[in-house]
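What the sequence shown shows, in the numbering used here, is residues 778 to 935, in sequence order.
I should point out that these hints are in silico values taken from the structure, not numbers from a laboratory. Glycine included, every Cβ here is placed at the ideal spot set by N, Cα and C.
DEER-style ranges, computed between Cβ atoms:
id : residue 1 : residue 2 : range
1  : Asn922    : Asp791    : 33 to 43 Å
2  : Leu907    : Pro797    : 13 to 23 Å
3  : Leu849    : Pro912    : 41 to 51 Å
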Amino acid sequence: GATGLPQVLPRLLDALPEHPAAAWGLALHGTRAATDILIGALADLRALPHALPAFEAVSGLTLPGIQGPRPLSVPSPQEQAMVWWRRVQRDGLGTTPLWQGRPRSHGTLLNWLEAHAGRDTDGPQLLLSLGLGRPLGIPPGAWQNRRHPALRQLRHDT
Numbered sequence: 778g779a780t781g782l783p784q785v786l787p788r789l790l791d792a793l794p795e796h797p798a799a800a801w802g803l804a805l806h807g808t809r810a811a812t813d814i815l816i817g818a819l820a821d822l823r824a825l826p827h828a829l830p831a832f833e834a835v836s837g838l839t840l841p842g843i844q845g846p847r848p849l850s851v852p853s854p855q856e857q858a859m860v861w862w863r864r865v866q867r868d869g870l871g872t873t874p875l876w877q878g879r880p881r882s883h884g885t886l887l888n889w890l891e892a893h894a895g896r897d898t899d900g901p902q903l904l905l906s907l908g909l910g911r912p913l914g915i916p917p918g919a920w921q922n923r924r925h926p927a928l929r930q931l932r933h934d935t
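Start from the sequences, fold in the hints, and give me the full structure.
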């Protein structure tokens, strides 16, 4: 299960600045430890471009990135993430893998895939496929016009 891979998390953290996919590995892990590492990576300017979208997938938040200077009155992405994370833990949701700020489920993954069908979604597609125990019928790297009908059919079937 997802919690049976704690030895992978430090390797993903070490790989983060040089290997952008490591941030998505942490996001797909979705556990408390992985989320803590992603939040920590938001303070590293080298890791931020990769950690930010991965954290947003886990949290459902849209945080300011590195598009230039931000006013001092606007908290940093890491500060905003920490506020969200404290609230999640207070609400008792920090013990289960999260996606879009809610406990990860087939439905939360499918919603995200539908909303992001024009982006590289191979990792979340694989996670959903493993959860369903069957292929999704969407080839890796498929164009958006092939993803949408397949995702609609998946929603109908599940």
